[in-house]
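Given chain A, put chains B and C in place with the hints provided.
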Amino acid sequence: MAARVLDLTLHLLDRQVVDQDGGLVCNVDDVDFLVPDDGSPPYVVELLTGPAALGPRLGGLLGRWWVSAYQLLGQRHDREPDRIPYQLVTDVGSAVTVARTRAELGIHPGEDRAREYLVDRLPGAGHESG
Amino acid sequence: MKKVLQVTLGILTAIGGFVDIGDLVANALVGARFGMSLAWVVIVGVIGICLYAEMSGRVAAVTGRAVFDLVRERMGPRTALLNLVASNLVNLLTLAAEVAGVALALQLATSVSYLLFVPLVAFLVWFVIWRMPFEQMERMFGLAGLALLVFAVGLWQLGPDWGSLAHQAVHPSVRSGEGHPTYWYYAIALFGAAMTPYEVFFFSSGAVEEKWTKKDLNLERANVYIGFPLGGLLSLAIAATTAVVFLPRGIAVDHLSQVALPTVMALGKVGLAFLIVGFVAATFGAALETTLSSGYAVSQYLGWQWGKLVRPRDAARFHAVVLVSLILGVMLILTTLDPIKVTEYSLVFSAVALPLTYFPILVVANDPGYMKDKVNSGLSNALATGYLIVITVVALAAIPLMIATKAGA
Amino acid sequence: MRVLLAVLVVVGVSGCVGPSRTDGDFELKAGNTAKAVASALSTARLAADAAGHGKATANYVSVILGEAEDDASAAQATFDSYQPPSAAADKLRVDVDDTLSKAIDGLTALRITARRGQIDRLPRISAQLGPVATTLEQIAEKYR
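Going down the list, the sequences are from chains A, B and C.
Position 99 of the first sequence, counted from 1, bears residue number 116 in this note's numbering, the numbering being contiguous throughout.
Position 11 of the second sequence, counted from 1, bears residue number 27 in this note's numbering, the numbering being contiguous throughout.
Position 129 of the third sequence, counted from 1, bears residue number 258 in this note's numbering, the numbering being contiguous throughout.
Just chain A, with the same shape it has in the complex (with noise of 0.2 Å):
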């Protein structure tokens, strides 16, 4: 994608995650953006999404808690969000879309336990209802 001016709050953050299929992958978190020292404007490198890139979002005590419980849960061990290269981002309009499937980007530990330990141990979680 062509380098385009974004305001960041109103353009990407918050926004939803959409896959190369039209699946929903993430809402985006929060931003990696680098300032160059050449004094050339900064530019965004990867969108952060999962609890360690929310909970500092929201603040204070929610937020470390936020962080904290999701840790508990045992999405993850560490207190690092998950990163997708902007690079991938090939459209952000009322969603940001990349050119990759949820599969390939692979940032759901919680979708994957919740598809594991209770979804996938139901009758029919494979089959669309319609």
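Calculated from the structure, these hints are not laboratory results.
Among the hints, erroneous ones may be present.
[What the hints assert, rightly or not] Below, in silico cross-link-like pairs of lysine-lysine (BS3-like), each with a Cα-Cα straight-line distance of 30 Å or less: (1) C:184 <-> B:422; (2) B:388 <-> B:230; (3) B:357 <-> C:184.
[As the list claims (entries may be wrong)] Not everything, but these chain B residues come out facing chain A in the computed CB check (under 8 Å): (4) 88; (5) 333; (6) 386.
Because the structure is a prediction, the values reported are computed rather than measured.
Even glycine gets a Cβ: it sits at the ideal position worked out from N, Cα and C.
Same frame as chain A, now just chains B and C:
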């Protein structure tokens, strides 16, 4: 021809889907206690829900995103989280009331205690969400809910003094023996029943599930602008039946069985059969909608895959939330709390939560960044802003009135 | 959230039985109780008449009668738990309680008859309960 059929089906579904346990209880209760003197509240509420449902459907059709998805973008994660928690608590209360409503209707048919039906009903709700295609689910329960039109037939058979009913409606006054706070308390409950927030969550997420586009906007408007007002008329018919039979006799409505009584007196066993089918369909449909709404709201806030269009295993966390909400709702009802009281509280707390739902919709529907040329017109903005003021006043007044009137005692 | 909880507690507590310190207070409670029981009795009589004329199923009428009986009994139990503040209130309590008991006995009779499937007998019992219903309504009217 296909188009006509589609529009008709949509409208019929909207009528049948409009009434839920809250509308049944609130209208019957208010009719018995205040006659038609609160009919204006139903009308005000129906206009409000039309206005905001149309907006949320339009947002969904244009952006492909559901309401709660956009709430976080517009309000920030912190405020949106507060919003999510509050809306979901109210939604859970409503969910519990709807499940209990299905069980109570089955009790009327079988005389077996409703508590025994609650787990079965909850299982069926889960099963339908798990297996039945979205559109089929909507159609089936919406159309079966049309059985409730028997209220209107019953009212006509009761042969009421139409002039007197109309007079009560046009010249609202507080009856002697009732206080003004109580009158306003029930006005708020009735308003909460007509404008229940889950309806717009569900409406907008449903629009995304049914893959609406700008082309479907006219169809959507027909459903809302014709279906909902007719649903409102049905609500008024419910109130009128109890106003005719119960008001002169000083009978207070405390049970679903009483909601049915005037119509049963007028139409006999056939009327009863229609009522029970209608009760089951309307409350079961609403139980599905509230359960799905819990899943929608949480998933949309966190960016998870949601919806019935994908295989359950591809929306695992969504289905986990659905299941947990349903279990919590069932647990609440199995405490043997009076389901009618649960319904009343759900209505009042819905009224409290109204601005949380409706304010973000208005903001997004005005954002050209999302809506391009489909932003609100000046007229709908003026109306919607007026409603936002009403909604805020209602939300602020609800709890003080609840305390002052000892919850309408 | 904390506010919500506090409100729930307040609402919950305010729904409970309050002390009646004066005769006026006690009379008001007698009136409200009579009103509640009269409402249950009227509901039951309407349902019984409808069923007797073949307009309602046995299951439906037995549910509605059972609920009416439960409501009336609960109202009487609450009334009996009030402490009468004076000798005059004592007398009122006995009088009102007597009428309440008659109404509840009638409701019980209706429920038993309905659940035995003797639906056609319901209107007669209902007619016999007319005078009690009138007395209850008079009490409710007098002390409100």
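Hint consistency between residue 388 of chain B and residue 230 of chain B [alpha-carbon to alpha-carbon, up to 30 Å]:
12 Å, holds
Does residue 333 of chain B meet its interface restraint, that is, does its C-beta lie within less than 8 Å of any C-beta in chain A?
5 Å, holds
Checking hints one by one. Is residue 386 of chain B an interface residue toward chain A, by the C-beta closer than 8 Å rule?
6 Å, holds
Supplied contact hint for residue 88 of chain B, tested at 8 Å Cβ to chain A:
Where the cut-off is 8 Å and the nearest Cβ of chain A is about 5 Å from residue 88 of chain B, the hint holds.
Under the criterion that the straight-line Cα-Cα distance not exceed 30 Å, is the pair residue 184 of chain C, residue 422 of chain B satisfied?
Violated, at about 37 Å.
Is the Cα-Cα distance between residue 357 of chain B and residue 184 of chain C 30 Å or less?
Roughly 29 Å between the alpha carbons, so the hint for residue 357 of chain B and residue 184 of chain C holds.
Consistency with the previously given hints fails for number 1 only.
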